[in-house]
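A.B. asks: Residues per chain, in single letters:
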Amino acid sequence: MAAPLTLLLVVAVTIRAALFRSSLADLIAERVEVVSPLNAWKRVVEGLALLDLGISPYSGDVFHETPLIIYLFHFLVDYAEITFMIADGITAVALYIAVKEYNKQVFRKQKYALEADRYPLDCLELIRSPKEMYYIPLKVAMFYLLNPFTILSCVAKSTCGLNNAVIALFILCTIKGSALLSAIFLALATYQSVYPLTLFAPALLYLLQRLYIPVNIRRPSFWWYTLQYAFMYLGSLFVIICLSFFLLGTWDFLPSVYGFILSVPDLTPNIGLFWYFFAEMFEHFRLFFLCVFQINVFFYTIPLSIKLKEHPVFLIFMQLAVISIFKSYPTVGDIALYLAFLPVWSHLYRFLRNVFLVSCVLLACSALFPVLWHLWIYAGSANSNFYYAITLLFNVAQILLVSDYFYAYLRREYHLTHGLYLKRKDGSEATLVLK
Amino acid sequence: MAAHRCHFPALVLILWSLSVFIVADVQETTRLTDTGPSAASSQQTAAAGEPPAAAETRRQPPEEEDRRWEATEVEEAAPGDAPSDSQTSSAPETVVTPSQPEDDFQEELVIRPLHSGDIYASFQFRTVWDTDFMGGKKVSHYRLFPKSLGQVISKFSVRELHISFTQGYWRTMQWGQPFLPSPPGAELWVWFQDTVTDVDGTWKELTNVLSGIFCASLNFIDSTNTVQPSASFKPLGIGNVTDHRFLRYATLPREIVCTENLTPWKKLLPCGSKAGLAVLMKSEKLFHSSFHSQAVHIRPVCQDWQCKSTSWELRQTLNVVFDLHSSGQGKREWSLFKMFSRTLTEACPLASSSKIYIDVTDNPQGEQFELSPATPLLSQAVVLGDRRTYSVYDLTQQATFGSMRSLNMLLRWKSSDGDMMRPLLHGERYVAGYGLQTGEIHTLMYNHHPYRAFPVLLLDTVPWYLRLYIHTLTVTSKGKDNKPSYIHYQPSKDRVRPHLLEMLVQLPPNSVTEVTVQFERALLKWTEYTPDPNHGFYVGSSVVSALVPSVVAMDTNSTQERPLFSSFFPSKEESSYFVRIYTEPLLVNLPTPDFSMPYNVICLTCTVVAVGYGSLYNLLTRTFQVEEPSPGLAKRLANIIRKMRGVPPL
Numbered sequence: 002m003a004a005p006l007t008l009l010l011v012v013a014v015t016i017r018a019a020l021f022r023s024s025l026a027d028l029i030a031e032r033v034e035v036v037s038p039l040n041a042w043k044r045v046v047e048g049l050a051l052l053d054l055g056i057s058p059y060s061g062d063v064f065h066e067t068p069l070i071i072y073l074f075h076f077l078v079d080y081a082e083i084t085f086m087i088a089d090g091i092t093a094v095a096l097y098i099a100v101k102e103y104n105k106q107v108f109r110k111q112k113y114a115l116e117a118d119r120y121p122l123d124c125l126e127l128i129r130s131p132k133e134m135y136y137i138p139l140k141v142a143m144f145y146l147l148n149p150f151t152i153l154s155c156v157a158k159s160t161c162g163l164n165n166a167v168i169a170l171f172i173l174c175t176i177k178g179s180a181l182l183s184a185i186f187l188a189l190a191t192y193q194s195v196y197p198l199t200l201f202a203p204a205l206l207y208l209l210q211r212l213y214i215p216v217n218i219r220r221p222s223f224w225w226y227t228l229q230y231a232f233m234y235l236g237s238l239f240v241i242i243c244l245s246f247f248l249l250g251t252w253d254f255l256p257s258v259y260g261f262i263l264s265v266p267d268l269t270p271n272i273g274l275f276w277y278f279f280a281e282m283f284e285h286f287r288l289f290f291l292c293v294f295q296i297n298v299f300f301y302t303i304p305l306s307i308k309l310k311e312h313p314v315f316l317i318f319m320q321l322a323v324i325s326i327f328k329s330y331p332t333v334g335d336i337a338l339y340l341a342f343l344p345v346w347s348h349l350y351r352f353l354r355n356v357f358l359v360s361c362v363l364l365a366c367s368a369l370f371p372v373l374w375h376l377w378i379y380a381g382s383a384n385s386n387f388y389y390a391i392t393l394l395f396n397v398a399q400i401l402l403v404s405d406y407f408y409a410y411l412r413r414e415y416h417l418t419h420g421l422y423l424k425r426k427d428g429s430e431a432t433l434v435l436k
Numbered sequence: 013m014a015a016h017r018c019h020f021p022a023l024v025l026i027l028w029s030l031s032v033f034i035v036a037d038v039q040e041t042t043r044l045t046d047t048g049p050s051a052a053s054s055q056q057t058a059a060a061g062e063p064p065a066a067a068e069t070r071r072q073p074p075e076e077e078d079r080r081w082e083a084t085e086v087e088e089a090a091p092g093d094a095p096s097d098s099q100t101s102s103a104p105e106t107v108v109t110p111s112q113p114e115d116d117f118q119e120e121l122v123i124r125p126l127h128s129g130d131i132y133a134s135f136q137f138r139t140v141w142d143t144d145f146m147g148g149k150k151v152s153h154y155r156l157f158p159k160s161l162g163q164v165i166s167k168f169s170v171r172e173l174h175i176s177f178t179q180g181y182w183r184t185m186q187w188g189q190p191f192l193p194s195p196p197g198a199e200l201w202v203w204f205q206d207t208v209t210d211v212d213g214t215w216k217e218l219t220n221v222l223s224g225i226f227c228a229s230l231n232f233i234d235s236t237n238t239v240q241p242s243a244s245f246k247p248l249g250i251g252n253v254t255d256h257r258f259l260r261y262a263t264l265p266r267e268i269v270c271t272e273n274l275t276p277w278k279k280l281l282p283c284g285s286k287a288g289l290a291v292l293m294k295s296e297k298l299f300h301s302s303f304h305s306q307a308v309h310i311r312p313v314c315q316d317w318q319c320k321s322t323s324w325e326l327r328q329t330l331n332v333v334f335d336l337h338s339s340g341q342g343k344r345e346w347s348l349f350k351m352f353s354r355t356l357t358e359a360c361p362l363a364s365s366s367k368i369y370i371d372v373t374d375n376p377q378g379e380q381f382e383l384s385p386a387t388p389l390l391s392q393a394v395v396l397g398d399r400r401t402y403s404v405y406d407l408t409q410q411a412t413f414g415s416m417r418s419l420n421m422l423l424r425w426k427s428s429d430g431d432m433m434r435p436l437l438h439g440e441r442y443v444a445g446y447g448l449q450t451g452e453i454h455t456l457m458y459n460h461h462p463y464r465a466f467p468v469l470l471l472d473t474v475p476w477y478l479r480l481y482i483h484t485l486t487v488t489s490k491g492k493d494n495k496p497s498y499i500h501y502q503p504s505k506d507r508v509r510p511h512l513l514e515m516l517v518q519l520p521p522n523s524v525t526e527v528t529v530q531f532e533r534a535l536l537k538w539t540e541y542t543p544d545p546n547h548g549f550y551v552g553s554s555v556v557s558a559l560v561p562s563v564v565a566m567d568t569n570s571t572q573e574r575p576l577f578s579s580f581f582p583s584k585e586e587s588s589y590f591v592r593i594y595t596e597p598l599l600v601n602l603p604t605p606d607f608s609m610p611y612n613v614i615c616l617t618c619t620v621v622a623v624g625y626g627s628l629y630n631l632l633t634r635t636f637q638v639e640e641p642s643p644g645l646a647k648r649l650a651n652i653i654r655k656m657r658g659v660p661p662l
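Protein chains in written order, with my numbering: chain L, 2 to 436; chain C, 13 to 662.
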């Protein structure tokens, strides 16, 4: 398996290197779909330039990266292209190993269940075979590396690629069962963009499951482990933030990074829901809707954790998707991360209801983004509503995609306990409904 | 940086010497030396004390060779002001009103025919008052000094105040340098006393008060268009506090200047518009012009030669450029009546000096135009590095008005040839790029001097919604990179403060220096747009401040009329002069949201969020169940009845 992965990495790096050298690189770096005010490379360079002029990069409103990023690129600014390609590579390899490990566990669990005769007889079709699972890790790496969204994000040198790498390493460490590393990477991811905070719940559930600690609030062992993990997470977060403080000697970065993410002062168009909504918002409702929209990201964590407490990896996927849909400055790089997980759920394909429609809408929207942007900004023959309409449609498609996968996952689980071919009381073929 | 604070005093010195007969210079024409003594004797108030003063200022420079870069220039300017003040204060018994001798009012009008065929008229009114607003006792008795401004000075602890309202853009390449430059729109800069603790709060109050006094939209000055330049705006009066924490500078490039601003401005004059030169200010004529600029400058100046105590100087200036060439039905002639639809009949009775100067430098033998009535008085002065000759009409002399009892100067052009010397420093600015996403600001600075390089200070204030990327800043001259020796950059904060970019650039001789910086256009909230958002947003002028080498010092070859001992070193006291030029303001378009549909956007976005919430809620709270066919309506009704009867249902 190492050879195809190496080949894949070589192909991915070649494509990126070719694009970096082409004239398209500058064009891509300006695209609002690919870079947001939070992670644009232009702003990183600006922050470095401000630092060179002896001005705090956080004294203005252009630079919103974290202090660690600016110090990273203080040394790596000349090797930025390589850094971003390596980050993509790390993400892909981490996901590859993580999915491989996860598949092993899934297969083992399935074997135990089969041996214990827990599956109904007509569910044999739903049982996953090692043959079909063999190529899934490679497909995940391929979905990430060759996804046009990832390539664009990398060529634009959006620091989103680095965040993705941190999250992928977090997933890897979690699945490998290393609680400390998992907590450290989760803290790093949280430090970078706040929202991965919601990944705390799936990681904890996974680690508990791995250690065979039942999720039961009356068990002290559950609480003990939760406290341990929370302590590791908060401790590393504290250390990272203090480190940033000592690097710059000021707390200015807190409002400039986290205040900026949470209060959404920059309304530069992007593929998310926030920009046009808050550009058109009535001033005295602004705070209310800001809270509503931001809570939306964190809101689903607890119910999803309860519903999916036996399936923490699927929960990670759901959380990543929710974050990338409802975060304040989303870019296509965020979407690429959760799209990379789709091959892992390829066995759900038979239960998906509208995947054809959704993929058509996603493709059409991706093509229409630059067109309508051009019509609005350059040609002047369209207005902002055109671009806004496309972002709406794009988000609806993402929501449908995610809820479709959620539905399919739940349905498969139902069938695995109740049998695939359900019968009514009177013996006729039954249809399954949500009630 | 300390260099530039002395340049404006140098300009002031030159302007002040307009009223001075320069006798010390060897290049003076014989005609002038003839008229000199008679003029000196005829001007009883101002000019009597002047020749020694002029000699005084002449003697100063050799002692201070490096005064270009010294802050002490401020004190040096003082002797120019001193004699007239000391004369009135030291000999109060000779003055007619001995009770309140400490204030003095002067008025003058300079008219310069421009090479483009336009006429430039510049009014200056100067009130000097030997009082101390900052002292413990309250100043309550006002004579010539306007009370409204006096109260502003004492209430807000203002040390210097400069405000200008301008309609139109001064075309430097066609018209040369103005006497007092000003940017289009409104400009306000204030130095506060160092006793002020809350400078921002005081500034906010002050702008609101000034807004009322001048009937202007100065109340729109807030933190988003106020900056604290570190080097470009140094105090012009005495005092050596140069900590720029006490300086506030703001421009409103969009401000429209009209009659309602002129009327309160005229009311500040001691004679109002009833007498004196102010009679000429009829708004329907003044605003029917290519350029109109009115300004008020308040600053402390030295009271006497030793500069023991200070007096306050109020300078009101009004500059107009009339486009007579195009409106004169083909005839190139103008008169006071034609320009202002008024003639002069008297000086302001309160004025100690009241004069009209006509620039006749290009017309020494009367070959270009003919001036009537002729005046015997001539004056020569070095203005903006150039030696100019002026015909002087002294309005305090009854003879000036002639038998008609009214003065209506007439100037009739004979030929229109003659070329204007290009201004040595010239600036331009424009926005490059297309589309509404990004753009690039280009600022061009021309040095037309044939062999001398000089440094300029460039000040750029850019609103926060054009996000500048300072790493894209390039400065090039003659195709080569020209690294600024000093950069002061303050990045913007959204909705709080603008970008401030100040830099010191050396302009090579005979070159164009181009400064470019890229920016990104922000999408604003729909309530932050102006009522006509597609008109665009104004960005205030760049300010270029420089010490420009003088033209007078430029002709090193013309030694024939000078003693050899005086002509070896080119540096004289006028070897360089301070110039501030303003570039064009920019008009930048921003992307706009659709203003008509906030409700639609709120509804549609909330719908999408609800779709997300709804589909997840649906899956989270419901469980899968096998669908059982629901019984028909009749059966259900029957079952209800059977239940009531206590019979098992069907």
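Keep in mind that the hints were calculated from the coordinates and are not lab data.
As the structure is a computational prediction, the values presented were derived from the model and not from experiment.
Ideal placement from N, C-alpha and C gives every residue a C-beta, glycine not left out.
Errors might be hidden in some of the hints.
Unchecked claim - Calculated cross-link-like contacts (lysine-lysine; reagent style DSS-like; alpha-carbon spacing at most 27 Å): (1) C:Lys216 x L:Lys426; (2) C:Lys505 x C:Lys426; (3) L:Lys436 x C:Lys647; (4) L:Lys426 x C:Lys167; (5) L:Lys436 x C:Lys655; (6) C:Lys647 x L:Lys424.
What the hints assert, rightly or not - A short, non-exhaustive set of chain L residues, derived as facing chain C with CB atoms under 10 Å: (7) Arg129; (8) Val403; (9) Leu421.
A.B. asks: Checking each numbered hint in turn, tell me which of them this model violates, lowest number first.
C.D. replies: When the structure is compared with the hints, numbers 1, 2, 4, 7 and 9 turn out to be violated.
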